[in-house]
Amino acid sequence: MPAKDYDVLIIGSGASGGMAAYNLTKKGIKCLLLDAGPLVDFEKNRILRPVYELPYRGFGKPGKLPHLFQANEFNANQWVDEKEVPYTHDPKQPFNWVRVRMIGGKSLFWARMSFRLSDFEFKAKDHDGFGENWPISHADLSPYYDQVEPIFRVAGRKEGLAQLPDGIFIEDNSPDSAATKRFADSAKTRGITVTKMRRALGNGQFASSMNLLLPDAMATGNLTMVPNAVVRDVTVDKNTGLANGANFLDRHSRREVHVKARVVIVGASCLESTRILLNSKIANSSGVLGHYLHDQFYMSNSVVATIPEVRDGKGGRGLVGGGGYIPRFRNLDKTKPEKNFLRGYALDFSTGGTPDAKYFPQWGEELQKTLDSHRGTSFSCTLMGEVLPRFENHVRINKDVVDAWGIPVLHFQAKYGDNEFQMAKDAVQTIGEVCHGAGFEVLNRNDKMFPPGYSIHELGTCRMGDNPKTSVLNKWNQTHDIKNLFVVDGSSFVTGGSQNPTMTILALSMRATDHLAEQMRAGSL
Amino acid sequence: MKRRRFVQSLIAAPATAPLMVAQDSARPTPVPVVQAAPKLETGIADDAGNTTPHFFTPPQLAALRKLSDIILPSINGAPGATDATAAEFLDFLIGQSLEDRQKLYRSGLDQLNTQAAKKFAKPFAELETPQAETLLSPLRASWTYDPPADAFARFLREAKQDIRTATMNSREWVAAAGATGGRRGGGVGLYWYPLD
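Chains as they are written, first to last, in my numbering: chain A, 1 to 525; chain B, 526 to 721.
Don't take every hint at face value.
What the hints assert, rightly or not - Mimicking EDC-like on lysine to aspartate or glutamate, the simulated pairs with C-alpha atoms at most 20 Å apart in a straight line are: (1) K415/A with D671/B; (2) K564/B with E43/A; (3) K358/A with E624/B; (4) K4/A with D333/A; (5) K425/A with D671/B; (6) K61/A with E624/B; (7) K64/A with D675/B.
Said to hold, decoys possible - Computed spacing ranges between beta-carbons, pair by pair: (8) S300/A with A570/B: 31 to 41 Å; (9) A570/B with K188/A: 53 to 63 Å; (10) A404/A with A666/B: 43 to 53 Å; (11) N398/A with A666/B: 39 to 49 Å; (12) K339/A with Q640/B: 44 to 54 Å; (13) D172/A with P583/B: 52 to 62 Å; (14) S253/A with K564/B: 33 to 43 Å; (15) L565/B with I168/A: 45 to 55 Å; (16) L565/B with T370/A: 19 to 29 Å; (17) K83/A with K644/B: 45 to 55 Å.
No wet-lab data here; the hints were simulated from the structure.
Just so you know, even glycine gets a beta-carbon here, dropped at the ideal spot from N, CA and C.
Full structure from sequences and hints, please.
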């Protein structure tokens with residue numbers, strides 16, 4: 001059978017690739033979507049099991065996933081096996097690359113925290129002089145956020161904050177517990193705003209491309225989806241210089257297949273997309289492909305405290321429980337830089353759990369009594385800090401190491417700098433003070449970071465910009481070098497802020513594919 | 526011979542079952558020849574026997590048993606680390622672990638025995654609990670993200686966490702917590718099978 005020519009080839013089925021398929025197929029464009037992983041039947045692939053039935057009693061097999069702090073023995077098989085798809089780094093500069101290869105990608109497992117970027121990010125250089133501005137502003141992307149938020153059913157409360165633009169929310173009017181109110185009041189005295197969390201409700205079980213985007217795309221009859229297709233490279237017509245398809249290997253048999261398309265969209269996640277382009281040796285006339293790697297540094301339990309008045313089982317209804325979100329509050333006034341670092345950080349917090357036993361310097365019956373007394377009294381927060389995009393933080397191809405399909409792997413060279421370290425110190429100090437102000441007793445403060453990558457928010461390695469000499473993509477996520485090649489995932493970010501990036505990735509992909517469809521209709525592609 | 530006849534009946538079943546239905550549709554629907562496999566209740570290895578220790582030396586394992594009983598004893602009738610065979614499980618787990626962790630445990634347990642001999646002229650396992658607890662003073666330090674520089678303190682910190690996890694994730698603990706309506710530790714989770 002002769003190979004079929006598709007209008008558009010989409011590589012990757014997560015948030016970005018899924019949105020590309022959703023948007024293009026609705027416009028009547030014939031798409032082929034490839035994903036390196038299988039289509040998983042969640043009913044068949046998961047089972048409720050007691051922890052004592054697991055071979056390692058919940059500890060997990062030692063050494064199986066050394067970089068995945070999120071992994072446990074229950075979920076170990078959902079992540080990419082580092083032996084099957086390895087990567088390299090200097091042992092002194094680890095990077096925790098967390099990957100999922102399934103139809104739906106990481107959108108199957110994300111925390112669903114759903115925020116917009118603001119012009120503090122889009123126009124960051126104008127604000128503090130560092131780095132580059134995005135070639136777009138919040139006003140350019142806002143109409144797309146407006147469409148994405150209802151699809152994902154984002155719940156939240158409108159606050160009117162410039163640094164965290166409001167969206168189209170399912171209004172969250174749930175009452176806050178007394179402990180949360182007290183924390184918010186203490187924060188307010190320091191000029192810090194506490195908001196409700198903004199979270200994608202999806203359809204309950206999932207808020208993923210698999211259930212919210214791909215079914216609609218399939219229903220159009222315009223989508224062909226092929227799982228287990230491990231893309232090695234994008235191919236280019238030597239005569240025209242245009243992308244004309246891709247080579248992939250069947251995940252099971254390793255059989256090599258070439259597919260053809262008029263347009264190629266790469267949305268395989270920031271670093272897999274970058275790896276494909278680097279292995280294809282295309283779209284890099286600027287020399288910045290793979291550079292400016294950044295994420296958001298995450299510090300779980302950066303401040304852990306207890307709420308004294310609810311100890312010994314006194315935590316009645318409405319006194320404790322729930323949580324909230326603290327959007328960036330540092331360096332918002334560009335006329336008054338207030339700290340020894342640029343940009344800022346956000347935090348989410350929760351109340352009502354039980355502090356981990358490790359925080360109490362006790363053992364035996366004494367420890368058990370303490371834990372019993374502290375049940376349901378915990379405050380804990382996760383710090384999410386902006387990481388500055390720097391040229392020197394990058395990935396490149398390591399030709400000496402290949403994955404299970406013979407494809408050269410990535411080598412990482414990335415580390416956090418003084419700006420991030422100072423930011424973390426300030427956050428832990430400040431939130432500790434807010435806790436004290438609220439009458440909480442601080443058990444532990446931690447300003448030590450996990451290695452880069454832990455947040456699973458890798459960004460920036462195919463960044464967009466108006467200047468082809470300093471960016472890979474133009475403002476439509478279209479490569480400067482090859483006009484029918486688009487990259488629609490987080491690699492296109494110029495700066496990441498401290499907000500979770502998924503809503504922005506979805507909005508960018510929708511915007512890019514609107515533009516692409518218009519160009520195809522006009523005959524320019 | 527019996528086995529062969531059984532296998533032959535399975536092979537024949539898909540072909541013959543539809544044929545029988547076609548012969549007389551007025552007859553009651555026959556019971557399908559091939560049925561779903563019955564769901565049989567099975568146990569786990571810990572139901573059948575005890576872990577055979579291989580990794581630690583007998584003095585090291587004896588010290589780990591004593592340490593486990595001190596870190597998480599049976600309290601108010603709830604199972605403790607000894608009931609959950611935490612020490613024997615950790616012998617298995619540490620034996621599978623990376624070399625650094627193995628070394629930390631071995632040297633830490635040796636250190637317990639050395640200090641016990643020096644201070645009380647007995648191995649750690651034979652000390653009275655108040656005596657043994659005098660050797661655990663590094664556990665009185667506040668927890669920090671960076672592990673302690675001192676290897677013995679580092680061992681005690683890891684062992685405390687591991688003993689508690691091995692106990693609270695044991696069948697004994699989970700069963701007792703379930704029986705009392707408690708929610709501490711262990712429990713049930715969504716397990717992912719390896720992907721095809």
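Verification of the hints:
1. K415/A with D671/B: 18 Å, holds
2. K564/B with E43/A: 18 Å, holds
3. K358/A with E624/B: 24 Å, violated
4. K4/A with D333/A: Since the Cα atoms of K4/A and D333/A sit roughly 56 Å apart, the hinted pair is violated (cutoff 20 Å).
5. K425/A with D671/B: 15 Å, holds
6. K61/A with E624/B: Given that 20 Å is the threshold and the Cα spacing comes to 14 Å, the pair holds.
7. K64/A with D675/B: 27 Å, violated
8. S300/A with A570/B: 31 to 41 Å: Holds: the Cβ-Cβ distance is about 33 Å, inside 31 to 41 Å.
9. A570/B with K188/A: 53 to 63 Å: 56 Å, holds
10. A404/A with A666/B: 43 to 53 Å: Given about 45 Å between the Cβ atoms, the range holds.
11. N398/A with A666/B: 39 to 49 Å: 41 Å Cβ-Cβ, so the 39 to 49 Å window holds.
12. K339/A with Q640/B: 44 to 54 Å: This hint holds: roughly 47 Å between Cβ atoms.
13. D172/A with P583/B: 52 to 62 Å: 60 Å, holds
14. S253/A with K564/B: 33 to 43 Å: At roughly 35 Å between Cβ atoms, K564/B and S253/A fall inside 33 to 43 Å, so the hint holds.
15. L565/B with I168/A: 45 to 55 Å: At roughly 52 Å between Cβ atoms, I168/A and L565/B fall inside 45 to 55 Å, so the hint holds.
16. L565/B with T370/A: 19 to 29 Å: 44 Å, violated
17. K83/A with K644/B: 45 to 55 Å: 46 Å, holds
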